[in-house]
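Protein chains: 2
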Amino acid sequence: MTVVKIALLGAGTVGTQVARLLSEQKEDLAARSGAQLELVGIAVRDVSAPRDPAVDRSLLTDDPESIIDEADVVIELMGGIEPARAYILRAFAAGASVVTGNKALLAAHGPELYEAAAQADVDLYYEAAVAGAVPVVYGLRESLAGDRITAVLGIVNGTTNYILDEMTVKGLDFDEALAKAQELGYAEADPTADVDGLDAAAKCAILASLAFHTRVSIDDVHVHGIRSIAKADIESAGRSGCVVKLVASAKRRPEGIELHVGPTLVPLDHPLASVRGAFNAVVIEAEAADRLMFYGPGAGGAPTASAVLSDVVAAASHKVDGGRAPRELIYGDIPVLEASRGRSSFQAEFAVRDEIGVLTKVTGVFAAHGVSIRAVVQTVGEDGLARLTVNTHEALQADLEATLAELADAEFISEVHNVNRVEES
Amino acid sequence: MTVVKIALLGAGTVGTQVARLLSEQKEDLAARSGAQLELVGIAVRDVSAPRDPAVDRSLLTDDPESIIDEADVVIELMGGIEPARAYILRAFAAGASVVTGNKALLAAHGPELYEAAAQADVDLYYEAAVAGAVPVVYGLRESLAGDRITAVLGIVNGTTNYILDEMTVKGLDFDEALAKAQELGYAEADPTADVDGLDAAAKCAILASLAFHTRVSIDDVHVHGIRSIAKADIESAGRSGCVVKLVASAKRRPEGIELHVGPTLVPLDHPLASVRGAFNAVVIEAEAADRLMFYGPGAGGAPTASAVLSDVVAAASHKVDGGRAPRELIYGDIPVLEASRGRSSFQAEFAVRDEIGVLTKVTGVFAAHGVSIRAVVQTVGEDGLARLTVNTHEALQADLEATLAELADAEFISEVHNVNRVEES
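If you read the protein sequences in the order shown, they are chains F and P.
Mapping of the first sequence onto the working numbering: residues 32 to 456, in sequence order.
Mapping of the second sequence onto the working numbering: residues 32 to 456, in sequence order.
Chain F on its own, in the form it takes in the complex:
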């Protein structure tokens, strides 16, 4: 049986589980790939640090290049841009295929890496880079290869979904929910990358590149985090039959691709509404297939390792049988829209003076900017102020912003609360 040599770069949470599964499932992996998968080395920063017993200490090295040059398949789980990028390029140059879970690197340097893999006629696989074990990279790259994708909507950050879910189900404040997420290890001490939407934006760029066959980088994604979401927003969403989710959205419009990450009102009968806790889910809308959803654990050592190993099996079987991973295609070359040209339905809440004619004045400002209103609800809050909840039809972001700018200055408005996108069900 052909031997396929594997080099593993990184032995953190995921790397440790990859090492364990390579050893525990040796026979199954051989049967499925047609090759004996032999782990030739594990590159780590500190070979003397304590390790899980699943990591064979005799394979540890602090010289990644030596094991890359020996390998048929390199698994890159170091994270970060450099030196991960240099090692992957070195692997390609040496004729090795690469499996990576490095979303930051792909979002920043994806096209360069795809091109280098194609030049070297080897595979680049990265199922683990988006939504852990959920096979959404496959879904976009292969399962809809005969279709035309119109939209990708994802809950791709488990930390923020956990926080919003706790706020929704238990009525916690943002700060309480964040503290709980940190306690449980779902959120880091510095939660910026998660709660400000940057992690989701990197994944959004990867998903959009795959869906629309166009170069998209993280800088093309318009990002809003969830720090400003208050209990009142969750409650007001609930009154509209919605839950608040951090949605990464990539949509194909006639005029280009719209990319957005931000808190979004999702109707309860939308498949994304039922995604609980730290789970991930991605909805793909395509012309023929209609709407598909992929759902599962978006993080965690073992689930992510499962995704890595499925890629390793595919890459190894190509070493045996020939064949290549699907081409990374950028023939689409569709323009990416400015934030202002984005379109969505919106929900906005205003505290207004409770006096005759305010409703007419507010709706008049919307109309003047060409923003069509679907529904307005007026309630009186505990503070005695009237509260207007306005739901719009689909409108241009620029028009909505002009509306809000005018309203913010209007003497009949006490306060403009959070304004959020609303996804259609």
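Since the hints were derived computationally from the structure, they do not count as laboratory data.
Since we're looking at a predicted model, the values are computed, not measured.
Hints are not guaranteed to be accurate.
Identical copies carry no separate label here, and so any pair may be met within one copy or between two of them.
With a straight-line Cα cutoff of 20 Å, these simulated EDC-like cross-link-like pairs (lysine to aspartate or glutamate) come out [claimed, not checked]:
#1 LYS57 to ASP364
#2 LYS392 to GLU432
#3 LYS262 to GLU413
#4 LYS57 to GLU318
#5 LYS211 to ASP100
Given the structure of chain F, go ahead and fit chain P onto it with the hints provided.
Okay, now just chain P, sitting in the frame of chain F:
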């Protein structure tokens, strides 16, 4: 650019959409597969019958063999066992790869076809055979190739899910919901294959073969349909925080594979509980990946055609780049359990005489047969009879049946109502 010749067998609902997409998406398909996909013929029974304009009449033929012998990839969408089986074997013998959506054929003759494809060194793809556009065949065949699957649970029949959903949401009787499904075209005039669970059983066999790398045929699946589900069962499930779904279940037990299709109580927080209308969903549980769900339209011309075309792109790209579809592996060779050796939690309802000591007598019978009780609820119905709802812990099917046989004869039991499996959340 390499030309890959495609023969299409069948121009029904799905075949017509395949012909349309092959023509409309010609350039995208070429970019993704690396080949010019050329439709060389469409075999139909009656070339003079009226057709959708998407079907190019000049390609119609009533001589399938002539176009099979010319093709690089044969798409079989005729359905039925023969002559579909003979045509597929002929395609393999001529060196063509095959894409099929024929679940009945695969459930009956899968191993023969896999073997013939392997001998001829060509591909057999069949994503469309289970759950339409939902890429669950891929999920089992490739995306979890580095993992060990422990269970597959699916809502794989849209007709029955529609009927049960109508009963649940609108409180309809089975007969009313069936009539509505027939009116809307979700159910056939003779609904036997759907409502008696046979369609789901064929899909269950295909899913189990893939998940456990073992030969499984439809005859190995223990099947119960939904005809006996009454409004009272739906209501009683609701009181237990569950919905009733027709679940196709394949589980790996220490002693073998358990295969079951039948009405099942699914807790509201289980991902399958939220599958509405005619949608399909499949949950896959694996040791490392934990629990994944794939969700989408399980039928319909365009969605199913999308699945067919993704397989065509994969098969065509192998004609260009080399490589093969994943091996169909039966190395698992795990025994399939008799129905009596199956295990599940159950919910059973009894109408009992409302007299002192009945509860003790009923629970005593369960205990005598080694069936452990999780909860008992006693209510008094409109008929003045007391109604006992018994929920068990996981128990052997044989033990449960012995319990029920004894209770059916007991003088303190007026009636044994439906007994259903309960899935853990």
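Here is what the structure says about each hint:
Taking the shortest alpha-carbon separations for LYS57 and ASP364, only the inter-copy value of 18 Å comes in at or below 20 Å, while the best intra-copy value is 42 Å. Proximity of LYS392 and GLU432 under a CA criterion of 20 Å is satisfied intra-copy only: 17 Å inside one chain copy versus 71 Å between copies. Proximity of LYS262 and GLU413 under a CA criterion of 20 Å is satisfied intra-copy only: 15 Å inside one chain copy versus 44 Å between copies. Taking identical chains as interchangeable, the C-alpha atoms of LYS57 and GLU318 lie at most 20 Å apart only when they sit on different chains, with a minimum of 15 Å there against 41 Å within one chain.
In this assembly of identical chains, the alpha carbons of LYS211 and ASP100 never lie at most 20 Å apart, being 44 Å within a copy and 65 Å across copies at closest.
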